[in-house]
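For reference, the chains in residue letters:
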Amino acid sequence: MAPGTKRDRIRPYLYLLPAAVLLGMFSIFPLVYGFGVSLCRFGIVFERFVGLGNYYRALTDTEFHHSLLVTIYYVIGTVPAGLILSYIIACLLFQKLRARGFYRTIYFLPYVTSTVAAAAVWRWIFHPDTRGLANTALAALGLDTVGWVQEPNSIFKVFGGLVGLDLDWPGPSVALFCVILFSIWHALGFNIVIFLAGLSAIPSEVHEAASIDGARGWKMARHVTIPMLGPTIFFLMIISTIKAFQAFNQIYVMIGERPMAQARNVTVFIFSRFYVAGETGYGSAIAFILLLIILCLTMFQIRILGRRVHY
Amino acid sequence: MRWKKLISHTILLLGALAMAFPFLWLISTSLMQNVETQTVPVTIVPSVPQFGNYVEAFNAAPFARYFLNTIIVSAAVTACVLVTSILAGYTFARMQFKGKDIIFTIVIATMMIPFEVILIPNSLLIQRLGLRSTYPALILPWAASAFSIFLLRQFFQSLPSDYHDAARIDGCGEWQFIWRIAVPMVRPALITVGIFAFLGSWNSLLWPLIVTDDWKMYVVQVGLTTFLEEEQTHMNYLMAASAFVTAPVIILYLFAQRRFIEGVSGAGLKG
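Chains A and B, in that order, give the protein sequences.
When we follow my numbering, the leftmost residue of the first sequence carries the number 1, and every step to the right adds one.
When we follow my numbering, the leftmost residue of the second sequence carries the number 1001, and every step to the right adds one.
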């Protein structure tokens, strides 16, 4: 009846085996293998060892730098707006209101929808010719049509041009702007749910005490709620930033299989090097630079969070 | 107070309308005649709803095959994730063995590796194994999830140890204890893990795109992107196809909303 001691000793390892083999094969091994590939000239098959050659190439590759710039635009476009909107909605939903469940269902819906299907609708809304909905709205205002998802010029130039201003400022392309709007919409429900979890973790005494001391509205938010939500806000900032590096589906669907440089973030750039150009070694090097960036962001998050949690 | 509630409702309603708008536009366009999608100014609501568009779109590309593939892959991924995370999560929570801490740390560390980073080596590996355009290629890389292991470990840890002791006295082995007693007790967590495994698999595009060349092995998301490129002239069909591709997860969401929300809140606590 009682199992032998030897069997007991190997049992945990047996139970871990399936997960360990799979994670080892498809997460850990590829990390080592990928780093090896990044040190080689590697097309469809191995050609030769080039050391850090692929990394040097990345340092001077303007297309890669452009993909970083696109990612930065994307972060600036999605993170603050996404956080502010979701904070407001979460605060409203945190009150005792009728139909709270209904609102939450609607706000969270885009997050579960397939990004391909959802991006297909957005591409249709921002269709470059006159039958698109966005262009119809512009026409109703008596303005010219815009190329939207096919427009590589900067938002300042194009939208300024609509109202007769000649703004030649650098900025995200209109195509990227459409993707940014999509991404804010798609991730909003996720942010709201995280904010709601953060709000419910604040002891109610804190708000009560502050309100006895006369804190209301904006003052309450500025001096009580937002500081108490510090860890949540940092978590969302880091997660949204990492997501900006990783966004792929929406760009692939809205802009196209081979998107213009003005709408290519780092992940799409890796994909295009590997899948379209067949530059496996160089693509791997870029992937490792991406890993380094993401690790730095995560470390930053852990340090900040570690500090913020102990007040 | 009254005013405050009224303002809250107004903002929330306008926001909800903006959030729901793309869905409404999707459904409206999917029911239009093709000419109605080409009018300037646009038609907002179809004059006669064309439910036949869904059938036409479904038959315009091998969607039946895409759905079959996706169901097989998503179901297999969900089952594998559940089994591997139950076993590993339980082991980390309840068993003592040499090297536990270091193994656990390594498992947790794999959570930090973004999939985009190991995309290329994984694809080369699949190629080497001769698995391109096969079900295992679509399933295996997703069959274990460090986050699910972590989540289930938390739940198994919170079970009182009395159950375990009592079961032991009654002669119940470890294996039986896991499946007969521990697993039913963490059912809500399992549902959450299962839902996210299924959702992730159903909605994934990048990996299937890279490892399948043969349309017979396409999953719905890849099939839909191909259809989107080919059928530019039939917006109504494109929208109908987008609707039925995403319908299964939306229905799942409407039925199991609480688990979805809990899963996401759980992800937040992880940070």
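These are computed hints drawn from the structure, not numbers from a lab.
We put the CB at the ideal spot given by N, CA and C, even for glycine.
There's no promise every hint is true.
Capping the alpha-carbon separation at 20 Å, the derived lysine to aspartate or glutamate pairs in DMTMM-like fashion look like this [to be verified]: (1) B:Lys1100 <-> A:Asp8; (2) A:Lys219 <-> A:Glu208; (3) B:Lys1100 <-> B:Glu1174; (4) B:Lys1216 <-> B:Glu1229; (5) B:Lys1216 <-> B:Glu1230; (6) A:Lys157 <-> A:Asp129; (7) A:Lys6 <-> B:Glu1174; (8) A:Lys157 <-> A:Asp168; (9) A:Lys96 <-> A:Glu208; (10) B:Lys1098 <-> A:Asp8; (11) A:Lys157 <-> A:Asp144; (12) B:Lys1004 <-> A:Glu208.
Rough simulated footprint, nothing fancy, chain B against chain A, three-plus residues with beta-carbon under 8 Å [to be verified]: (13) 159–167; (14) 217–223; (15) 241–252; (16) 287–299.
Status of each hint after checking the structure:
no.	hint	verdict
1	B:Lys1100 <-> A:Asp8	15 Å, holds
2	A:Lys219 <-> A:Glu208	14 Å, holds
3	B:Lys1100 <-> B:Glu1174	18 Å, holds
4	B:Lys1216 <-> B:Glu1229	18 Å, holds
5	B:Lys1216 <-> B:Glu1230	17 Å, holds
6	A:Lys157 <-> A:Asp129	19 Å, holds
7	A:Lys6 <-> B:Glu1174	14 Å, holds
8	A:Lys157 <-> A:Asp168	5 Å, holds
9	A:Lys96 <-> A:Glu208	16 Å, holds
10	B:Lys1098 <-> A:Asp8	12 Å, holds
11	A:Lys157 <-> A:Asp144	14 Å, holds
12	B:Lys1004 <-> A:Glu208	18 Å, holds
13	159–167	violated (count 0)
14	217–223	violated (count 0)
15	241–252	holds (count 6)
16	287–299	holds (count 7)
Violated hints, in rising order: 13 and 14; the structure is consistent with all others.
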